[in-house]
Amino acid sequence: VSGVAVLAESHISIHTWPERGYAALDIFMCGDAEPTKAIPVLRAAFQPGSINVSEHKRGII
Numbered sequence: 001v002s003g004v005a006v007l008a009e010s011h012i013s014i015h016t017w018p019e020r021g022y023a024a025l026d027i028f029m030c031g032d033a034e035p036t037k038a039i040p041v042l043r044a045a046f047q048p049g050s051i052n053v054s055e056h057k058r059g060i061i
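Residue numbering for the sequence shown is 1 to 61, as defined by the numbering used here.
Because the hints were derived from the structure by calculation, they are not lab data. Certain hints may be false.
Straight line, CA to CA, 20 angstroms or less: simulated EDC-like cross-link-like pairs of lysine to aspartate or glutamate [said to hold, decoys possible]:
no. : residue 1 : residue 2
1   : K57       : D26
2   : K37       : E55
3   : K57       : E34
4   : K57       : E9
5   : K37       : D26
6   : K57       : D32
7   : K37       : E19
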């Protein structure tokens, strides 16, 4: 199961593999947005056993 929420210059996508108990989420935000603020909200919603967070800088820094 997959889904995406398109926001102004940003998006949050999720791809799941229920048979493996696994989900991968991508939080992409531009400008002064703080994507890490979404982590506690998503953690509360999905209640995962564990999470792995990585940050990838994109574009011109």
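Hint by hint, which ones does this structure get wrong, listed from lowest number up?
Hint 7 alone not satisfied by this model.
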